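Let the sequences and hints guide you as you build the complete structure.
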Amino acid sequence: MISFKNNSNLILLLLFSSVGLRCLAQSANQSQDLNTNERPNIVVFFVDDLGWQDMSEPFYSTKTAINEKFHTPHIESLAKDAVKFTNAYATPVCTPSRVSFLTGLNAAHHRVTNWTHPKANTATDSNDEILNPPDWNINGLSPVPNIPHTIYATPFPSILKSNGYYTIHIGKAHWGSAGTPGASPLNLGFMVNVAGHSAGHPQNYYGEQNYGNLPSKTSYQAVPDLMEYHGSSTFLTEALTQEALKALEEPIRRKEPFFLHFSNYAVHVPIQPDPRFVQRYLDRGLDSTEAAYASLVEGYDKSMGDIVQFLKDKGIYDNTVIIFLSDNGGLSLSPQRSGEAHTQNLPLKAGKGSLYEGGIRIPLLIKQASRHEPSSNPTPVMVEDLFPTILHMAKIKDYQLVQREPDGKDLTSLLAGKNDDRWNNRPLIWNIPNKWTVPDGPGINFFSALRQGDYKLLYNMKQGKLELYNLKEDIGERNNLAPRMKEKTKALSKLLSDQLRIWKAQLPTYKATGQQVPYPDQLKSVDQ
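Count the sequence shown with mature numbering (1 follows the signal peptide of the UniProt record, and there is no 0) and you get residues -25 to -1, 1 to 503, in order.
Careful, some of the hints might be misleading.
To be verified - The calculated BS3-like cross-link candidates involving lysine-lysine, where the alpha carbons are at most 27 Å apart (straight line), are:
id	residue 1	residue 2
1	Lys447	Lys38
2	Lys277	Lys289
3	Lys277	Lys38
4	Lys440	Lys479
5	Lys55	Lys384
6	Lys469	Lys437
7	Lys287	Lys221
8	Lys136	Lys221
9	Lys230	Lys287
To be verified - Pair ranges (Cβ atoms, derived):
id	residue 1	residue 2	range
10	Gly206	Arg228	26 to 34 Å
11	Asn454	Glu231	50 to 58 Å
12	Lys469	Gln438	17 to 25 Å
In case anyone wonders, no lab produced these hints; they're calculated from the structure.
Just so you know, these numbers come straight off a predicted model, no measurement behind them.
C-beta atoms are modelled at their ideal positions from N, C-alpha and C, and glycine is treated no differently.
So this is what it looks like as structure tokens:
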């Protein structure tokens, strides 16, 4: 249900209380008298803006020059116990991916198609001279109905919580705008929230500057909580790690299964050097910007290592599911990153914000509780697939959702090594009817896309053009096959259009006429 009605704060409070109690009661009835000791703990490491290759562990067929820039021994170690998904995807920017993760819905379906502003009712689209974005869900996710411009849905942490899990959120949230229920992780099923709020990046990473909480300089991006570390030399990544370790003590003491969502603000801008690690990269000859970026990556890797070692020291590593992923592709804009724009993810094309592979292909590792041997799986999967997968791993079978059923598919059969044509032929869908940033870079602003098997179709809404690539042969999307494979292009454009219609996905409109841009199957020709 998507609502655009206005409410007073009192009505909002009453609705939240009423719906929350009803959902808790329903979920309590759904609890299957499970022995909590038999259920695994679940830890999700959700990295912000980490590119597919921005670590020393390769996700490509060979190690690349980009892999060689980084030092991430703990990601390498986790990969030895995990299934590595080499064709995993998210949306090209953060909030849509994070909402898909929590709700199991595709972004075209939930309509949070751009990053949400910390301030409520504030669209984040840049102005375009030709197209207007649709009236999308600018306030993000809401666990209660009738909140303007939100997707009303059941987040899976609330299901875990009502089925006996101790639920912890640490770090970046960015699920909803300030003043709406979705801004606080405590309203989304988390029992503990440290530093999660409506903003999508930190004001800064330094304890000496109170992480942005300075008199007369505090902004929406100032990181909340963490007052214990203000004025100290503790880097933000390390402060959040220490808070995660503290929070884990309670469920372990209670002998309750837990869900930890560790979503550090790294490696999002501002790209500021982590003093613990930056010298390594300066000594390797990286410039100051890239050395700072690599230091942020290594800082996150150390956080992972510290938390994993904690689990091992407590004797619970073997019974803990660990999932590692990024929320979109790596940033490739200049001057935030050094070098020519859109080259930072080569051989992938473009980067964050783009529907080319550099903007949406992400690293994904899943360590199971019952199996620790490494394997690699090339099946294309999406971030929303983690919703049913996590609930399956938690042994929760019966639950009710506002959104009825997730778009994501349970990955446990793939984790068990089973695969068939249903997985390989499943279409993956993206729809970005927004203008993320002012320059129209490759695959950036007003694009839709579909991947089925090895083939990927892109629809440039602004130019009214289709592109077709065979990713198995052309991972860099350099050779547009649409003019030569017209029937394949038409078939995929119809498949994309049909699913967008089913989801009632939004499309931009022309400023001159007010008319909606055509669906891809409405173009007069594939060469248009």
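Okay, the hints, checked on the actual structure:
Restraint check: the Cα-Cα separation between Lys447 and Lys38 comes to about 17 Å, which is no more than 27 Å; the hinted pair holds. Of the supplied pair hints, the one linking Lys277 and Lys289 holds, its CA atoms being roughly 18 Å apart against a limit of 27 Å. Between Lys277 and Lys38 the alpha-carbon distance is near 21 Å, which keeps this suggested pair within the 27 Å criterion. The suggested pairing of Lys440 with Lys479 holds, with an alpha-carbon distance near 21 Å, which does not exceed 27 Å.
Of the pairs offered as hints, the one joining Lys55 and Lys384 holds, with about 25 Å between alpha carbons and a cut-off of 27 Å not exceeded. Of the pairs offered as hints, the one joining Lys469 and Lys437 holds, with about 19 Å between alpha carbons and a cut-off of 27 Å not exceeded. This hinted pair checks out: Lys287 and Lys221 have alpha carbons roughly 15 Å apart, not beyond 27 Å. Our distance criterion of 27 Å between C-alpha atoms is met by Lys136 and Lys221, whose separation comes to about 19 Å.
Annotation: proposed proximity of Lys230 to Lys287 holds, straight-line Cα distance about 16 Å (limit 27 Å). Our hint of 26 to 34 Å for Gly206 and Arg228 holds, since their Cβ atoms are close to 31 Å apart. Our hint of 50 to 58 Å for Asn454 and Glu231 holds, since their Cβ atoms are close to 53 Å apart. Remark: the range hint 17 to 25 Å for Lys469 to Gln438 is upheld by a beta-carbon distance near 20 Å.
Violated hints are absent here; each numbered hint is respected by the structure.
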